[in-house]
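Colleague: Residues per chain, in single letters:
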Amino acid sequence: MAEKQLMRGSHVIGEAAVRAGCRFYAGYPITPQNELGEYLSAAMAGLEDGTFIQAESELAAINMVIGASMAGARAMTSSSSPGISLKQEGISYLAAQELPAVIVNTMRGGPGLGNIAPAQGDYFQATRGGGHGDYRVIVLAPASAQELANLTRKAFEYADRYRTPVMILGDGMMGQMMEPVTFPDPVNPKKLAPKPWILDGADGRPSRLIRSLLLDTSMEEEHNWKLARKYEAIAREIAEEDCYLTEDARLVVVAYGTAARIAKGAIKRVREMGLKVGMFRPVTLYPYPQKHLLEMSRAVKDFLVFEMSTGQMVEDVKLVLEGRARVHFYGRPGGIVSTPDEIAKVISSLYYRQHLEEE
Amino acid sequence: MEKKVFQRPRYLKKAVFHYCPGCGHSIIHRLIAEVIEELEIGNRVVAVPPAGCAVLAYNYLDMDMGEAPHGRGAAVATGIKRILPDRIVFSYQGDGDIAAIGTAETIHAANRGENITVFFVNNGVYGMTGGQMAPTTIDGQNSTTTPGGRDPSRDGSPLDLSRMLAIARGSVYIERTAVNSYKNIRRTKKAITKAFRTQMAGRGFSLVEILSPCPTNWKMSPVDAARWVDDTFMKVFPLKVIKDEVGKLS
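Going line by line, the protein sequences match chains B and W. Quick note on the numbering used here: the first sequence kicks off at 1 and runs consecutively. Quick note on the numbering used here: the second sequence kicks off at 1001 and runs consecutively.
Don't read these hints as lab results, they were simulated from the structure. Any given hint might turn out to be false.
[Said to hold, decoys possible] Using C-beta positions, here's what the derived DEER-type ranges look like:
no., chain 1, residue 1, chain 2, residue 2, range
1, W, Asn1059, B, Leu319, 41 to 47 Å
2, B, Trp225, W, Asp1244, 35 to 41 Å
3, W, His1018, B, Gly334, 33 to 39 Å
4, W, Lys1219, B, Asp203, 42 to 48 Å
Backbone N, C-alpha and C fix where the C-beta goes; we use that ideal spot for every residue, glycine too.
Same shape as in the complex, but just chain W:
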């Protein structure tokens, strides 16, 4: 007898991802779709995609989606959630979106303890615009706007937004994970689940930062990019539970 062990999640459309080979977005999209199905919240979820590579998330995720201006995901999600408090609202944002142009909106949404969930995809670079320096580009990392590598004396140093958000009293669950290996993908799925469940329990602001390879703009093969996340990127952005005031959710 045949047993089905793998299939397309219900909330992922039958579409071919446009993302580059080795990019983390498609994995993260799938994980979010799987978790939404497992938690049975697909009929009451509203998603806020960003400006950036993932702006086209609505081509893949089959759920109500409202596109936010660049960086304003947390503010748009705030408006939706306040009107519909029993819906599950999440924003999906890149590092430039959330940690540069949208810093204020994100910090204040966390500080107000908005009961929303944020997925923060950190690849250390502006992907869609072609590889410029991001707030999370690490010291010495090459980008199209940091000739010779990011120089802290000229360009500043990488910003650890998740730790900044942890200081805000309204944030209750913040974890940094990655999608560069099977083990890390499993861990990311657990974190996504916990973040959604935090919101379902009405506990406050939850965020999962996900380190994600960008082979195209890092100018690496997908395999080398996945390795670089482990060997280099994680030295600056170590995987850990940054804040957990939620504990076990029954």
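Pulled out of the complex, with its shape left as it was, chain B reads as follows:
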């Protein structure tokens, strides 16, 4: 029976991955997410069918994941911002070759080497595909240890269901914080649905090919439309959000991940002052959960997007709302982690400036 355990975020991802039937991990050390690889090195060593490889580079790691995925395994790699840039080559191939895989990005301050503090500057890279070509990656944004466990399980399920790479987008805060968590029951990878496309030797069946080279332009166009239809299905089927005190809200804060945790603390404070403020927290960043946000804009005319960046997700909010409401922005880039008090001040000053206290 599942019981509560106190664990740090990066270990939660590792344990949840193993329980999801992940048996292949390749990665390269980079702060602030080394605890994940370390956890999996021990976990895989304890499994008869587990593989952990400390790769020579991020590039090698993602390409090993490509191979493991071709061979049918639930496979994962992880890194932090600069390393995720290096993995983009492989992520583009995973998308093109329709291979399932899970990639964890523990975001840090950037661009360049930046720093090792929590940040959300990789939103564009994650949600727009990230590498070359016309593709998208499913992006999940957990905001608690329990959600890390749940979304890691979902990440592997989505990857297999849609044959596409899935990214878990967190930050150093998420990786380090310790919270109680209950894990879902472990999955036996041998009992997962067979994948009728893997490369395991053409024994009594026609040989198979997994490729991305399509020199014939009409074939490449057809492949691009096929991927586009898949992303449409993904958008219909898995978009997910979490709403907090939005029923009577006159101002809604939009934030994800660590920023959403801070915003929640801020909202509790301003609620005590009688301000009608709620939060819309996207759980899937791609697909963006537009439907509910759009519905909300019938009653709510002011949205405050809060990000640990100079403003990236705010563009998606504007795209969804298309001028139906005012979209305000507050951000702290570079690894600065705002306090709930700071955000509470931002919220209340905006609230009064927009005269939202008036009925």
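Position chain W relative to chain B; hints supplied.
Modeller: Same frame as chain B, now just chain W:
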């Protein structure tokens, strides 16, 4: 009574090679298909074709194939082999693929002793992109990016990747052969067989470097290109067993 002495190998598709006249790829494809048939491993082989002229190997070789990004063949093969250790996994790579953009992946796969086989086709030039300098272009050799010939002071000198790989402890069998003559083709087939058998015995990283003519980009006739391999290319890349810690396989 008629006796059949020559036929298409079982694992070679009924397709006409697109390779240029005098190119070595078609010979090497055939040799690999013959050996796979002889060793009876066709039902458990997984191949990793490269970026480059041989990216279309899957049009000819009839076996499970998964295309790797440029240079990453050894990393992709590593992932496949670790998940399916009883399958026979090989990558097929050109000199630019393996000795320039994929150097790191190759050296570290060898160093880890990955139980995979690599076929390294060395023609001293980037073929598919039109004849630019490769890491294995020899001193003085003309290419579209070395006007006046490769100049070591400007362009560096040819890289002997196979010897570098031999230093890695995890590599167990490395041989350099060629496909420019009947004798060398026979020798290449023996090396391919030994490389696969090394993997079948679970011994570790095996690689066959195959010197292969590229008449088109060398701007030679096929006959002159085959001769150039003997007279010039082999002076820099001599045919030999570079490393053999496997010995006789029963």
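Colleague: Could you run down the list of hints and mark each one as holding or not?
Modeller: Now for the hints, and whether the structure bears them out:
{"no.": "1", "hint": "Asn1059(W) <-> Leu319(B): 41 to 47 Å", "verdict": "43 Å, holds"}
{"no.": "2", "hint": "Trp225(B) <-> Asp1244(W): 35 to 41 Å", "verdict": "52 Å, violated"}
{"no.": "3", "hint": "His1018(W) <-> Gly334(B): 33 to 39 Å", "verdict": "53 Å, violated"}
{"no.": "4", "hint": "Lys1219(W) <-> Asp203(B): 42 to 48 Å", "verdict": "45 Å, holds"}
In summary, the numbered hints that this structure violates are 2, 3.
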